[in-house]
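*Asks:* Each chain is listed here by its residues.
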Amino acid sequence: MSTRLSKGGRLIDRTKPLSFSFNGKQMRGYAGDTLASALLANGQTLVGRSFKYHRARGIVASGAEEPNALVNLGEGAKLEPNQRTTTTPLFDGLKAASQNHWPTLEFDVGAINTLLSRFLPAGFYYKMFIHPRPLWKHVYEPFIRKSAGLGKAPTEKDTDTYEHYNAHVDVLIIGGGIAGLSAALAAGQAGARVLLLEQTPVWGGRAAVDMPEIEGKPATEWISDTVAALRGLPTVTMRTSCMGAGVYDHGYVLAYEHLHEGGKQGPRHRLWRIRANQIVTATGAIERPLSFAANDLPGVMLASAVRDYVVNYGVSPGDRTVIVTNNDDAYRTALVLHKSGLTVPMVVDARADPDGPLVRKVCEAGIAVRTGMGIAKVKGLRDVVGVALCSMEGEGAVLEELPCECVAMSGGWSPIVHLWSHCGGKLNWDAEQAMFRPDPNRPPTGADGKGFVITAGTANGHLFTSDVLTDGFTAGAGAAAQAGAKGKAGDAPEGFDEAQEPIQPVWMMPYGAKHKLRAKAWLDYQNDVKVSDVQLAAQEGFESVEHAKRYTTLGMATDQGKLSNINGLAVLSNALGSDIPDVGTTTFRPPYTPISLGSIAGAAKDDLFQPIRKTPIYDWQAANGADFEPVGYWRRPYAFPRREETVHEAVHREVKNTRENVGLLDASTLGKLIVSGPDAGKFLDMMYTNMMSSLPVGKCRYGLMCSENGFLMDDGVVARINEDTWLCHTTSGGADHIHGWMEDWLQCEWWDWKVYVANVTEQYAQVAVVGPKARKVLEALGGMDVSKEALPFMQWADGTLGGIKVRVYRISFSGELSYEIAVDASQGQAFWDALMAAGESHGIMPYGTEALHIMRAEKGFIMIGDETDGTVIPQDLNLNWALSKKKDDYLGKRAHGRSHMDNPDRWKLVGLETLDGSVLPDGAYGIADGTNANGQVNTQGRVTSTYHSPTLGRGIAMGLVHNGPDRMGDVISFTNTHGDPIKAKIVSPVFYDPDGEKQNV
Amino acid sequence: MSNAVSVLGGKVAEGPVAVRDAGLRGMITLRGDLSDQKLQEVCTKLTGATFPAKGQVTSAGENGICWMSPDELLLLVSYGAVGEALEEIGKALSGTHHLAANVSDARGMMTVAGADARDVVAKLTPVDLHPDSFGVGELRRTRLGQVAAAFWMSDETTFNVICFRSVAQYTFDLLATSALAGPVDYLSQA
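Line by line, the protein sequences are chains A and B.
Just so we're aligned, residue 24 is where the first sequence starts under the numbering used here, counting upward by one.
Just so we're aligned, residue 96 is where the second sequence starts under the numbering used here, counting upward by one.
Simulated from the structure, these hints should not be mistaken for laboratory data.
Warning: the hint list may mix true and false statements.
Said to hold, decoys possible - Mimicking DSBU-like on lysine-lysine, the simulated pairs with C-alpha atoms at most 35 Å apart in a straight line are:
| id | chain 1 | residue 1 | chain 2 | residue 2 |
| --- | --- | --- | --- | --- |
| 1 | A | K509 | B | K149 |
| 2 | A | K705 | A | K828 |
| 3 | A | K828 | B | K186 |
| 4 | B | K133 | A | K705 |
| 5 | A | K722 | A | K705 |
| 6 | B | K106 | A | K180 |
| 7 | A | K449 | A | K509 |
These numbers were taken from a predicted model, which means no experiment stands behind them.
Model the full structure from these sequences, guided by the hints.
*Replies:* Next up, the structure:
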């Protein structure tokens, strides 16, 4: 069993005890512990269950690569699943619970799966559940889904806050080990603007544990001296607990900073959005496990992790640790354990004759070293009780058994190439060191075709301190120079550590392991993928590493195969009889380790989730019971229901009142574009299908805009302000788009035309005063003549009303007497208040967008987005009158001449009256005889707008119908998802005041 | 005018970095040939500020000239002076192709002030706000969070922010939230 040592632990502060709980059990740790080290210190070696077989899982690693020790962290609003204990700093009151077991961690019913493992091989789900097909959707999928997922999904809203931060640097260095520190020193001394990130809370990386000599000093001393020196450099900024998560095009990098986990004030995580000229990835390496039977038992750990726990946290992984290795580095673990007073019964080395300095030191310490040997299997059920040894060359016959509590394994080191590879950096296979390492000649390239990522140190495949330091320094100096820094980097620090003999690649232990052993030799601990599974996938024809990955789920767990990928693809390449580089790696995708969804959202939650555009009268509307609806990013009142009134009833009241008395509509969202210049008339004649250059000053004209493909895009009333200036109203949702559309044509096509456009949409509050009593209300306000004679229909005038400067347009979208009045937005509310007061005796009421829609539909006015959907041309809507025949050209004109546009078979706009007076369903299709090639019922039209008309007391609709205008009086059936088809008669789309007498009074 | 109110209505979010409504400000969008002598003269005469270079803002008290694009300026004057200023521009540039429009009411304006103001704004915009890259006298049209905005620094610790009126509340709340979240100790250390 693991426990806390009586002394040691360079990162923990024994004077600051912390208490925490695991599965409800109270435990104690120290400040500086990770959750993993604290769990081990409390003897908790069993920390979870694997995904498929529910096998007992313990802590394997000491960093971001940990596949097993994931927990549900926190409770309620603080609950977060799949939190990696090895990277979670311990805090007082931390609550963790293990995952993927039922009913308890110690006794898990799902563990029966391990006994069934022969029946659950690679690709089991694909094979088993493909037949019969219908069962997948209704039986298998719901069942499998229920058992899927490791952690618990939170049910409460996250109460923590998060933020983003944008930083721009010359040189971004990811990784605060000695290579990163060395790179920062070089780049900082050269005068570059440097940001140095380290994912853990401490600087120095592995060197602080393995203690090579640097500049004649112990590594830790050099690290603290260098950190101090870097703090003194004015252009260098350093961040710990900040992980470089992803490298993207153009030197864009996301980094993920942990600020606190203890519920303190301020953001919990910060997502850095960094734009770097050059990036140095000094991300180190990950130690590989060895594939021997039962290598997944709690107590089997990476050799480097074992010495991390001893040196950093003063934690013993067990009294007796057997070390199994294929390289010299793992001997360091033996020396560390020995020095701490723990027992190393044996170092088992797969190599035949190792004789490096570290090996000799271990022998000199009196530790038994057995060469040419491997582990046949680890003994134990839920934890390690011993190992059975075999010859590496055999099939796994047990030669000797040793009792122990911990197995420290090392299969060599894999450089962390993720960040190098995210944006396209390529790798070479280094057969001598048995690793993929970055190819400096094939870096990710920027817009200039030059590389923008440099990799350094162990991440670049250098395993010795002196190389790591030089490589880091060279990378830092090179990046700084590339980024334009002019200063001198200085000299690289010098380092020393013991020489090592070559590694002997071991992808399976022993080399000839029989099936029984291979079927218990884990590659992917989290997803339960074993050596035998990958071999089966190869046998079944999954030759591509990407296919084999998906078939076996190797590397698809939340750790993304940090420990398993290289071993897995080596097994695959052996099974395929090809070389490792020919099989290649799977794709490295960001983020490096999962980042919180909260950090991605940043401040964008609650009221800040999405910007809501508000008109100057929004607050009044909200205070007066408006039921809002989104219109683009705007919120507009749909209706103003009064006490006890339904929204439907309110809409009807608003329509009736506007038709009979007077209504007020906030039309401020309408787009307003000023188009001005000597060529403005010519320009607008191109923009609109009808003629705008001929519009007299003081008058208004309704216009249509088409895209260059001829489809109706926007509409609105245009007013001529003076000789050179027009004001174009656009739809509410179209203002920004049409502004951009105009600028696009002016800047890219007709750049020699003298026209300027300004978007003044938000400069004005615009209020429509609509209804037979509208004029009386304006006259009550007073200030200008709004009579029929002074201000006829389709004209505008400047003046004052109630002492407020206004521009009044006599235009109507309702068919009633109507004034649309623009005032400066800052006086919008004051003007609205004045209208409400002046109109009180005339029965004035505000109305919302639904009343607006109903009234325009009663008049047969089209609405962009209802009658149009990007496939509709003006001719479909019988708007031929608005297509100028006098003009040589306008946007869309040529397209209208195409055969499919100029075609009598197009569906055309008509009115639709249900025979029973009911309301047609929106979007319903007109049913035609017969069926099409797919066996679907033929159609002959569709409903585009449909309402209950309070004015007419029945349902009214508009729709596009084949040959519609020629079929007045015909009755056709429309689809109805709630019952039998509905019969409707084809009529004129103008249901109300067909002669337009009411608006022109 | 007595009944004109700024969109933020005098809102203030106090703190080490304070966000404050800057009230109503006269703003005129002027599009034209920026190298035109008459155009330059009327701008400097109206504002009392010198004519800005590309990407710059010049100011004289509350007045100022913002360079917005190769053919667009934003003139800052007092809210009540816009009408007269438009007339003067019209007179001075009569016969010269240009467009001048009052956009005072189409905007919200606020200040972000405090030692860590750079860090607060850097949480929301992709602009490089390092003192070596951005300082007093420079103007950026960019975005804050999810909306378009423009800003410049009137001194080492104060940002002036302009956004569209309809999203002024969002912009203010976003800045206030970011200010409240505390310092980053990045640019303020630079």
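*Asks:* Measure nothing beyond the straight line between the CA atoms of A:K509 and B:K149; if it is 35 Å or shorter, mark the hint as holding.
*Replies:* Satisfied, since the Cα-Cα distance of roughly 27 Å is no more than 35 Å.
*Asks:* Is the hinted pair A:K828 and B:K186 satisfied, with a Cα-Cα distance of at most 35 Å?
*Replies:* 22 Å, holds
*Asks:* Hint check: B:K133 vs A:K705, CA-CA at most 35 Å. Holds or violated?
*Replies:* Holds, because 27 Å separates the two Cα atoms, which is no more than 35 Å.
*Asks:* Within 35 Å, alpha carbon to alpha carbon, are B:K106 and A:K180?
*Replies:* Holds, at about 29 Å.
*Asks:* With the threshold set at 35 Å, check whether the alpha-carbon distance from A:K449 to A:K509 stays at or below it.
*Replies:* With Cα atoms ~30 Å apart, A:K449 and A:K509 stay inside 35 Å; holds.
*Asks:* Does the structure keep A:K705 and A:K828 at a Cα separation of 35 Å or less?
*Replies:* Judged against 35 Å, a Cα distance of about 31 Å means the pair holds.
*Asks:* Are the Cα positions of A:K722 and A:K705 separated by 35 Å at most?
*Replies:* Given pair A:K722, A:K705 holds - Cα atoms ~18 Å apart, limit 35 Å.
Checked against the numbered hints above, the structure breaks none of them.
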